[in-house]
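Enquirer: Listed below, chain by chain, are the residues.
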Amino acid sequence: MASIIDIKEECALQVRNFDFTYKGAPAPSLKKVTMPIAKHAVTALIGPSGCGKTTLLRSFNRMHDLYPGNKYEGEIEFEGRNILDPKEDLIHLRTKIGMIFQKPTAFPMSIFDNVAYGMRLQGIKNKTELNDRVEKALKDAALWKEVSDRLKNDANGLSGGQQQRLCIARAIAVEPEVLLFDEPTSALDPISTQGIEKLVIELKERVSIIIVTHNMQQAARVSDYTGFMYLGDLIELGHTEELFVTPKEKLTQEYITGKFG
Amino acid sequence: MIDKIFLNMTRTSALLILFIVAWIFVVLFNQSTEAMQTFGLDFITKDEWAPNLDKFGAYAAIFGSVASTFLAMLLAIPVAIGVAIFLSEIAHDKIKGFFGVSVELLAAIPSVIYGMWGLFFFVPILRDIFGGMGIGLLAAGIVLAIMILPFMAAVTRDAMNTTPDILKESAYALGGTQWDVIKDVIIPYAKAGIIGSLILALGRAIGETMAVTFVMGNVHHTPGSIMDPTTSIPVTLANEFTEADSSLYFSSLFGLALTLLIMSFLVIAIAKFYFLRKVRKGQ
Amino acid sequence: MTAVQKRIIINRLALAFSTLSAVIALAFLFWILGVLVMKGVDALSWNIFIFEGSPPGYEESGLKHALVGQLILVGLATLIGVPLGIMAGTYLSEYGKNSKLAHSIRDISDIMMSAPSIVIGAFVYAVIVMPMGHFSAWAGAIALAIIMIPVILRTTDDMLQLVPGTLREAAFALGAPKYKVIIDVVYRGAKAGILTGVLLGIARVGGETAPLLFTSFNDNFFTTDLNEAMPSLTVTMFNYAISPYDDWQQLGWAAAFILSMFILGLNILGRLILLAGKRK
Numbered sequence: 013m014a015s016i017i018d019i020k021e022e023c024a025l026q027v028r029n030f031d032f033t034y035k036g037a038p039a040p041s042l043k044k045v046t047m048p049i050a051k052h053a054v055t056a057l058i059g060p061s062g063c064g065k066t067t068l069l070r071s072f073n074r075m076h077d078l079y080p081g082n083k084y085e086g087e088i089e090f091e092g093r094n095i096l097d098p099k100e101d102l103i104h105l106r107t108k109i110g111m112i113f114q115k116p117t118a119f120p121m122s123i124f125d126n127v128a129y130g131m132r133l134q135g136i137k138n139k140t141e142l143n144d145r146v147e148k149a150l151k152d153a154a155l156w157k158e159v160s161d162r163l164k165n166d167a168n169g170l171s172g173g174q175q176q177r178l179c180i181a182r183a184i185a186v187e188p189e190v191l192l193f194d195e196p197t198s199a200l201d202p203i204s205t206q207g208i209e210k211l212v213i214e215l216k217e218r219v220s221i222i223i224v225t226h227n228m229q230q231a232a233r234v235s236d237y238t239g240f241m242y243l244g245d246l247i248e249l250g251h252t253e254e255l256f257v258t259p260k261e262k263l264t265q266e267y268i269t270g271k272f273g
Numbered sequence: 450m451i452d453k454i455f456l457n458m459t460r461t462s463a464l465l466i467l468f469i470v471a472w473i474f475v476v477l478f479n480q481s482t483e484a485m486q487t488f489g490l491d492f493i494t495k496d497e498w499a500p501n502l503d504k505f506g507a508y509a510a511i512f513g514s515v516a517s518t519f520l521a522m523l524l525a526i527p528v529a530i531g532v533a534i535f536l537s538e539i540a541h542d543k544i545k546g547f548f549g550v551s552v553e554l555l556a557a558i559p560s561v562i563y564g565m566w567g568l569f570f571f572v573p574i575l576r577d578i579f580g581g582m583g584i585g586l587l588a589a590g591i592v593l594a595i596m597i598l599p600f601m602a603a604v605t606r607d608a609m610n611t612t613p614d615i616l617k618e619s620a621y622a623l624g625g626t627q628w629d630v631i632k633d634v635i636i637p638y639a640k641a642g643i644i645g646s647l648i649l650a651l652g653r654a655i656g657e658t659m660a661v662t663f664v665m666g667n668v669h670h671t672p673g674s675i676m677d678p679t680t681s682i683p684v685t686l687a688n689e690f691t692e693a694d695s696s697l698y699f700s701s702l703f704g705l706a707l708t709l710l711i712m713s714f715l716v717i718a719i720a721k722f723y724f725l726r727k728v729r730k731g732q
Numbered sequence: 187m188t189a190v191q192k193r194i195i196i197n198r199l200a201l202a203f204s205t206l207s208a209v210i211a212l213a214f215l216f217w218i219l220g221v222l223v224m225k226g227v228d229a230l231s232w233n234i235f236i237f238e239g240s241p242p243g244y245e246e247s248g249l250k251h252a253l254v255g256q257l258i259l260v261g262l263a264t265l266i267g268v269p270l271g272i273m274a275g276t277y278l279s280e281y282g283k284n285s286k287l288a289h290s291i292r293d294i295s296d297i298m299m300s301a302p303s304i305v306i307g308a309f310v311y312a313v314i315v316m317p318m319g320h321f322s323a324w325a326g327a328i329a330l331a332i333i334m335i336p337v338i339l340r341t342t343d344d345m346l347q348l349v350p351g352t353l354r355e356a357a358f359a360l361g362a363p364k365y366k367v368i369i370d371v372v373y374r375g376a377k378a379g380i381l382t383g384v385l386l387g388i389a390r391v392g393g394e395t396a397p398l399l400f401t402s403f404n405d406n407f408f409t410t411d412l413n414e415a416m417p418s419l420t421v422t423m424f425n426y427a428i429s430p431y432d433d434w435q436q437l438g439w440a441a442a443f444i445l446s447m448f449i450l451g452l453n454i455l456g457r458l459i460l461l462a463g464k465r466k
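Chains as they are written, first to last, in this note's numbering: chain A, 13 to 273; chain B, 450 to 732; chain C, 187 to 466.
Treat the hints with care, since some could be wrong.
Incomplete in silico selection of chain A near chain B, CB under 8 angstroms [unchecked claim]:
1. I103
2. R106
3. T107
4. K115
5. P120
6. Y129
7. G130
8. L215
9. V219
Don't read these hints as lab results, they were simulated from the structure. Beta carbons: idealized from backbone N, C-alpha and C, even for Gly.
So that you can see chain A by itself, here it is in the shape it has in the complex (with noise of 0.2 angstroms):
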């Protein structure tokens, strides 16, 4: 039985007995994973490679549907409703949970193209509001200063830490009230990753997020609440420090002390 704490604030999302089975597996990839994702705080999911992880976290914005064949059984509440049940209006749904993913997804437009895309896709077209939007979300994600006087060029033309910035800027831009990651900072430098997770830090404030990490320093250093998968099923979830240091599942200590990857 997996260890869940029970987190005293308010949460964002709640999963319930959620399964999860790919087009044509033979079983299930998640099985019922029941697990509260608390709001305004930094929930890491952690787990060898094969887990589930990024699975689960590609279920927050229904971004399996892109794939037909897929199958959910149970629940996920958000906003009071299963974001599950097929009647959902995914393209509202994915304004208010926005992802960032493993490498940096500029699309070929300009900077503020890029940042403006996700308001213009909600008919935002006035231009003050575009200009004051862009700007602040520029500023929330650390790129104002570096892109202030080039918001015109192709966005491919900044480097790989400034990109992924980029794509953090586009997603808050929309106001979005959780923010999935997807190891964001895989394919960066260390300089770079640096700036991403302090970033992640500072955004906890307005948006809850959900970070997917096969690094566990990285959860060790970002997140409040640490999730620990394996093969598919949720084996412990707790504050991060007490996590890391006093595990209550063997498996999770076998984990975190390198015993198997």
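Put chains B and C on the given structure of chain A with help from the hints.
Expert: Frame of chain A, contents of chains B and C only:
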């Protein structure tokens, strides 16, 4: 040493390609000198093709080639892009497989058959709708469009498929619809590849002979309207090569062949070196 | 209407248009295929294989001459083109690799693949038919071979490059000379791919008409003399279909059907071989 022999054999075979291509240009050029010297620039600007008078101005054939190809592009490009979008973004796996294979197999059907279908089944319909003989520029443009469609759709789809999934997912993650992703991410990303593919298809269409010979009409005059029979360079060559009876006639035909080769080579080279190379560099 | 609602509608329209395009394209292409099958099967008869061509109106008229002629022309072209193509592709993959020369050869070969085939016919006319003084099967076969070589060069080059470098290194490490490494290891590893390339090359030239129009020309009678004009299925099909005679037109459709089945068969066979090779 056998190694040396093997190396030389293979290298000679490879160099043979370059040699043959160069030789083709040289031979065509040599053969057309008589016509070039006799007519000069008039050869390509005058619409005056009179074998019995030994006067050869190939403007009509050149115009026919350009016009029929242009018409074919106009008709084929929107449909090809639509099919490419369908194949890469809309179709489910089974349909995708079926369509994909159909498209490729149908591209293997010899062009003569497109011509035969055009003449016997499509031209009568045009005759009913527009009157006249039915054969002509419009028929040629349409048959050419249908012929080039499978190839164009296939290479355009391939270009679109180079877009990384992760980039598409980013747009969906912001709440984009499929069309948003196609228009804002896929098409800009694959722009060079898409344009290059379209131009490559154009290069092929310009040299198309058999599909067009059936329905163009072989009338060596620039057409007054889109329904008039006319000719194109390949059609002229196909119909008249074996009937040429003077050295000037032959020379003029070779001149046409050279013109066609240059036009086709240029278009394909532009597609390849300017657009499609960019794609490879970007990867 | 909100902007989001508008986008959703535009999305539906765009997707509908794309689906419509696909349906239109498929409709036209199946129309053509349907016509081919209907008229072709209708015109089939045993006569086709028994009799050679004859003037219109004759009962005993067939396509034997054209079928055999086509096989001769394509067979000859294959004998000439395949070895040259494979050797050229071998050079590019195993020796030239990324050199400037190799890239130039690949580029020119690529362009040749899309170049007009009738121009190649004109070229061969100038260098073979004119000096010889008459049409011949040799001229036709050489024209086809020139068209075939870039296709086979390309597929051989691509397939050989797929063979992992470690395989070659292992053979070298055992002391094998380069040509043996290529023949024993690389060719064997790319066997399926090369074969597919050859089949596709044959399918490609098998359907060509334009380059034969003034090289092997045509003949209504059966012949196996390579020094004379040689009948072909494609040119016969063209001549018969465009003639004003009903029975010739019938034969034209029969020829079209037989040729298409042959070419489609080669294509399918090629793909099956590739698939089987991948499964290993």
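Enquirer: If any of the earlier hints don't hold here, list their numbers in rising order.
Expert: Violated: hints 8, 9.
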